[in-house]
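Student: Spelled out, the chains give:
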Amino acid sequence: MTETMTSPDLVQWAWAGVLYWLILAFGALLLQKRRGLLTRLVFPLGALGALFIAGVGVAGLMSSASAIILPIGLPDLPFHLRLDALSAFFLVLLGGAAFGVTLYASGYFRDMPAGPLAVLALWYHLFLAGMVTVILADDAYAFMVAWEVMALSSYFLVTTDHDKPEIRRAGFLYLLIAHVGAVSLLLTFGVLQGGHGDYTFNTMRHAEMTPYWASVAYLLALFGFGAKAGLVPMHVWLPEAHPAAPSPVSALMSGVMLKTAIYGLLRVTFDLLNLQIGWWGTLALALGLLTALYGVIFAAVQSDMKRLLAWSSIENIGVILAAFGLTLIFYTDGKGALAALTMTALLYHAVNHAFFKGLLFTGAGSVLHATGERNMDKLGGLMRYMPWTAWLTLIGALAIAGLPPLNGFISEWLLLQAFLLTPGLNQPYLNMVIPVAAASVALAAALAAYVMVKFFGVVFLGNSRSKVVEHAHEASWRERLGMLWLAAGCVLLGLFPAQVISWIEPVVRQLTGQILVNDGNWLMLAPVNAERASYAPLVFFAVVLVTLLLVFIWVRRVYHGRIRRADPWDCGYPEQDARMQDSAEGFGQPIRQIFVSFMRVERDTPDPFSRNPQYHGASLDKLWFIIYEPIAKLAGWLSSQAGRLQHGRIQWYLIYSFATLIFLLVFVTR
Amino acid sequence: MSTGILLQILQTLVAILLAPLLIGWVNQCRAWLQGRSAPPLTQPYRTLKKLFHKDAVIAHNASPLFRFAPYMIFACMALAAGIVPTIANDLPFSPAADAIALVGVFALARVFLALAAMDIGTSFGSLGARREMLVSFLAEPALLMVFFTASLISQSTELPVIVQTLAHKEFVIYPSMAFAAVAFWMISVAENARIPVDNPTTHLELTMIHEAMILEYSARHLALIEWAVALKLFTYSALGIALFLPWGIAPQGELNALPLAVLALLVKMALGGAALSLLEAISAKVRLFRAPEFLGTAFLLGVLGMLIHFLLEV
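Note that the protein sequences, when read in sequence, are chains A and B.
Residue numbering for the first sequence follows this note's numbering, starting at 12 and increasing by one per position.
Residue numbering for the second sequence follows this note's numbering, starting at 25 and increasing by one per position.
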């Protein structure tokens, strides 16, 4: 987009979208008894808001930055809002994914009692408004307020079913880690303002930083945003909280909320900090690859379908972070064109993940709604009961597995191309790291295909493993519409990469100072030049389609289309039942066997003579036991020690106050 | 351009038509090595014809995915055969999909096969799908590493450009390509379900991988899958030739070199097929859980090849 439109009020439109959601949120509270209105009116209106925000984002990508100052909040601390290319891109991502998910939500919540639903609608729209404000914020104060609105509203969304103890526990863990992260962010901004006492982003951009303090700010930001994004080892909340939330909320949290952390990281590293150091990138690359592999390995051994998807989100965040690390490495090494390539891959993967993870979570949500079961070992054969959901979910599964011609393949392809272009970095040790990093990304992508075959195969194919499936019903049409939107996103993002890349060009230019030159045309994607590498998904798709049709017609014409239905082959053993299929755990067994050193495997095998044999098995995250349990124990021990001071007798407390007073008088007032 | 398109279609058709012949040749060689009397070279064609004429028997609970998958798999393999330079290097379609996309095409076909295998819900189907995905999650990145090594040398991921560079540079021995070649051999053996990873002739539940997945298929669906399997072996052989023995492939715009190219291809394929059957005859199938070790070695060799390229050749 070469021509720039001047529209100073775009940011006002974005803010109008936020206000619109706020009105919807509090308006929903008035409809405590009107379920029909809530599902048929409030949520679709919310979805329209998302579409509007996406539109503002698209306009923002094509025009120059605009900013306003809103006199709200504390006196002398107005909200600064700014819409530049980076914010605009994330608005498009948010709006695009949230439109589909909210449309889906309007169908999904159709059976929920009106009272809780009104409260849910409140938090849901607050959550959306909070995320948009995070993206628009242009000072640390507005950013932190919006960040907290986002964290708290999502906490209340996660604990929607708060009568279940495990959900309360998941919510608490989420809240805890979100706030540890938030404290770290607060410190980041404290460092960034560089002693001016002025917390607007504009001051931070111009603050002079020594490399030491810049590194401190970066590390704090990496920790704070990493805690939100699910970076290993701060990932433990994610597989607990995402499955606990209602499915549309899981879709938003995985698809969009994690991206706000990526947004923050990009904002701090490439915009607010005015110097970057190479080892930051190496660190992020290493952590990203670790996260990607760790996430996908654990995704492969899950039996709970939403937990599987949550782990897969960790994997995708890892891939995004690896791209981020590579970008930093190239950028600090003076390889601007390469930095532009990896930045494009990063942004592309972020928007891809918003769409396919949104789609997969909504698909899983429809299954959950239809069967009431999240455990894949109780599902199976759902393709026959809910074909729409199944085929749409299949698109999501193929996309996330990185298969052409869908969207997941594009970002993977761009990232792998970046690895191939690396020779000639100025640090030799980095040249050695790159092949290993490329191998890890390829391994994670291949394992993602394993995970998705497991997910789709166990849930939708085969025979039903329990009675719950027999009463399964197809998703409602509004749910299907939402999923259709997300699936269309996956397909279109996959088929028109050249178009998409020209749209995100301004963002790449803003962050890295260069753009990815597409040597191909609208059909063909060719970073650098067409001799080097090119990929034309539309041609690819057309060829597969034409070949498929030709073969089909040829087989039917030359031979015949006769079909005889029979029982499947039973190996001469007629007592076949559904339990002879692979269970979810069985499908993950090879991965568990190979990567057992990452996990703590717990198994309860029944006694051979048991009348009612019960089997229980779980592959638990070892990091939980290595890092979190000792910390939790320490915190428990410290508080029990502190508890010794409390006797519940007034005399003691008076003595404490008296002693404190004396202490202060002696030491402080001097 | 128009000759290019003609050549493209010609080459794809040659691959599709010759693929069963390669299988026939490998079977014949193996029979000789095992001291059996060999089936005729055209046996795979006869089998395909027989299968196409039969009525398809499909399980009651098969979903549309089950019937769709064979066509999809065949289309993917035909596309793959179209990308890899076999006789000519002038392929107008090849810019649409490079080496990384080729790995993607193989993965797409594999995922559909695995999903179709799980569709009927027999224990064998899901067992085969699981094992296939186990083999592939190591083989796929290893294949990527092999391509990476080749494309680091030729500065491109376009297969025709790689072939052009490797065939027309003065003869230099790349140590990295030696590692890549060994890795590629191990990967092709695994991906094409040959000994020592899988045995194409067995139906023993303890060992089978590929055969377990297609157990429920019959008639035209089975024929398409068998043909796709033959095409896959052909494409992998062509890939091996293109990457490691690229001499003889007709360069861009030289139609006169075509007859020689066809001859070279036939000779190289015949030798490759014979070598494959020889290696199959002298090795034994490994236990399933040794297969990841086998493939892990291939993966490691691939990465080593890339590292060596960075160390010695840049």
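Note that these hints are calculated values from the structure, not bench results.
Just so it is clear, CB atoms sit at the ideal spot from N, CA and C, and this is done for glycine as well.
Don't take every hint at face value.
Quick look at which bits of chain A chain B covers, simulated, 3 or more residues with Cβ under 8 angstroms [stated by the list, open to error]:
#: 1; region: 248 to 257
#: 2; region: 438 to 451
#: 3; region: 454 to 467
A few chain B residues facing chain A, derived, Cβ under 10 angstroms [to be verified]:
#: 4; residue: L57
#: 5; residue: R60
#: 6; residue: I82
#: 7; residue: R91
#: 8; residue: A123
#: 9; residue: V127
#: 10; residue: L176
#: 11; residue: F318
#: 12; residue: G320
#: 13; residue: T321
#: 14; residue: L331
Student: It remains to establish, for every hint, whether it holds in the given structure.
Tutor: Structure-based check of each hint:
1. Beta-carbon proximity to chain B at under 8 angstroms applies to 0 residues in the region 248 to 257 of chain A; the threshold of 3 is not reached and the given coverage is violated.
2. Here the region 438 to 451 of chain A counts 7 residues with a CB under 8 angstroms from a CB of chain B, which clears the bar of 3, and the coverage holds.
3. Given as covered by chain B, the region 454 to 467 of chain A passes the check, having 10 residues with a CB less than 8 angstroms from a CB of that chain where 3 are the minimum.
4. The beta carbon of L57(B) comes no nearer than 32 angstroms to any beta carbon in chain A, farther than 10 angstroms, and the hint placing it at the interface is violated.
5. The beta carbon of R60(B) is not positioned within 10 angstroms of any beta carbon in chain A (closest approach about 28 angstroms), and the interface hint is therefore violated.
6. Residue-level restraint check for I82(B) holds (minimum Cβ-Cβ distance to chain A is 6 angstroms; threshold 10 angstroms).
7. For R91(B), the shortest C-beta to C-beta distance to chain A is roughly 8 angstroms, which falls under 10 angstroms, so the interface hint holds.
8. A cut of 10 angstroms between beta carbons decides the hint on A123(B): the least distance to chain A is about 9 angstroms, and the hint holds.
9. Because the closest C-beta pair between V127(B) and chain A is about 9 angstroms apart, less than 10 angstroms, the hint holds.
10. Because the closest C-beta pair between L176(B) and chain A is about 6 angstroms apart, less than 10 angstroms, the hint holds.
11. The beta carbon of F318(B) comes no nearer than 13 angstroms to any beta carbon in chain A, farther than 10 angstroms, and the hint placing it at the interface is violated.
12. Taking 10 angstroms as the C-beta contact cut-off toward chain A, the hint placing G320(B) at the interface holds, the least distance being around 9 angstroms.
13. For T321(B), the shortest C-beta to C-beta distance to chain A is roughly 14 angstroms, which exceeds 10 angstroms, and the interface hint is violated.
14. Hint status for L331(B) relative to chain A: holds, with the closest Cβ pair at about 5 angstroms, below 10 angstroms.
Checked against the numbered hints above, the structure violates hints 1, 4, 5, 11, 13; every other hint is satisfied.
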